[in-house]
Amino acid sequence: MIADFRVLTEFLQSHDEAGGSISEEDIQEQERRLGKPFPAPLREYYKRFGRSQYITQHCNNQYEPMLLEDIFVPDSDFFTTDKAFLIFYQCEESVIYCGIRFSDLTKEDPPVYLCAWNHPDWSLENESLTNFLVSKAFIQMGVEDRLPYWVIFDENMWGLSDYRSYWGLSDGAYEIPEMSSLQAWRIFCREDVILLFEMAIGESEEDVLAVYLASFDRERIVSLLNRTTQDRQLPDYRTNLGSSR
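With our numbering applied, the sequence shown corresponds to residues 77 to 321, in that order.
No lab work stands behind these hints, which were simulated from the structure alone.
Being a predicted model, the structure only gives us computed values, none of them experimental.
Wrong hints could be hidden among the right ones.
Unchecked claim - Computed list of lysine to aspartate or glutamate pairs in EDC-like fashion (alpha-carbon distance at most 20 Å, straight line):
#1 K183 to D92
#2 K112 to D80
#3 K112 to D185
#4 K112 to D151
#5 K159 to E145
#6 K112 to D146
#7 K112 to D102
#8 K112 to E100
#9 K183 to E107
#10 K159 to E107
#11 K123 to D102
#12 K159 to D180
#13 K123 to E101
#14 K123 to D151
#15 K112 to D247
#16 K112 to E101
#17 K123 to E184
#18 K123 to D158
#19 K123 to E145
#20 K159 to D92
#21 K123 to E107
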């Protein structure tokens, strides 16, 4: 099932009060500034998560949402040939921008395109704006150490199926499927723990570059590390739980 905002809302429930929402009036003000309507999923996203302390800017070379007031329409100096895009997301360190075509702004769930300084033509990034926003939020929370408890497995002899078997991540269970054209991540959420797999693009579907676990709940993440239903031992990892192996 394509992820919608429910899974993100449920994960952040009771943890993100400090982030607060953005009002309808503020969104309308930015629409007037830009002279363009926001698609419904983008409006909903900013209303729910626009000031989230866990989905925020200044990532470590990861895609990140722009502040509402920083969303922009390219001017004549912008490096792309086609400038008919509403730009709302970026990967600042790599000079990558994500946007929605003007002609798609009134669609129910428009596709997202990206461009980069060395590739000025836009290319499809995700067929669904909603899926893009949800997937990127979970990737940020998993990779960027934004949550209180985290575990990182560096590249080792284990493949994706080894981890999935150990943690009971069977087909169709707990996965938040990302519809990105670049299948660089596999995203799971089990028992309030994000399990994020960074995949080796273009290699075997088994090849994992790193695995990230993140959670608000220390006991939940510890229980995944100490599963007793397997006769295999997890590879070494780094963590802030108080010990590492």
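Check: Is K112 within 20 Å of D146, Cα to Cα?
Finding: Answer holds: K112 to D146 is near 14 Å, not above 20 Å.
Notebook entry, point to check: Is it true that the CA of K123 sits at most 20 Å from the CA of D158?
Noted result: violated (29 Å)
Notebook entry, point to check: Keeping to a limit of 20 Å between CA atoms, is the pair of K112 and D247 held or broken?
Noted result: violated (41 Å)
Checklist line | Pair hint outcome, K123 versus D102 [Cα-Cα no greater than 20 Å] | finding: holds (9 Å)
Check: Are the Cα positions of K123 and E184 separated by 20 Å at most?
Finding: The hint holds at about 17 Å.
Note to self: Does E107 sit within 20 Å of K123, going by the straight-line distance between their CA atoms?
What the structure shows: holds (14 Å)
Note to self: For a C-alpha distance cap of 20 Å, please report whether K112 and D185 respect it.
What the structure shows: Since the Cα atoms of K112 and D185 sit roughly 16 Å apart, the hinted pair holds (cutoff 20 Å).
Notebook entry, point to check: Keeping to a limit of 20 Å between CA atoms, is the pair of K123 and D151 held or broken?
Noted result: violated (27 Å)
Margin query: Between the alpha carbons of K112 and D102, is the straight-line distance 20 Å or under?
Written below: Answer holds: K112 to D102 is near 14 Å, not above 20 Å.
Note to self: Can you confirm whether the C-alpha distance between K159 and E145 stays at or below 20 Å?
What the structure shows: Since the Cα atoms of K159 and E145 sit roughly 19 Å apart, the hinted pair holds (cutoff 20 Å).
Checklist line | Agreement of K112 and E101 with the hint, judged by alpha carbon distance not exceeding 20 Å | finding: With Cα atoms ~15 Å apart, K112 and E101 stay inside 20 Å; holds.
Notebook entry, point to check: Within 20 Å, alpha carbon to alpha carbon, are K183 and E107?
Noted result: Given that 20 Å is the threshold and the Cα spacing comes to 16 Å, the pair holds.
Comparing the model with each earlier hint shows violations of hints 1, 2, 14, 15, 18 and 20; every other hint is respected.
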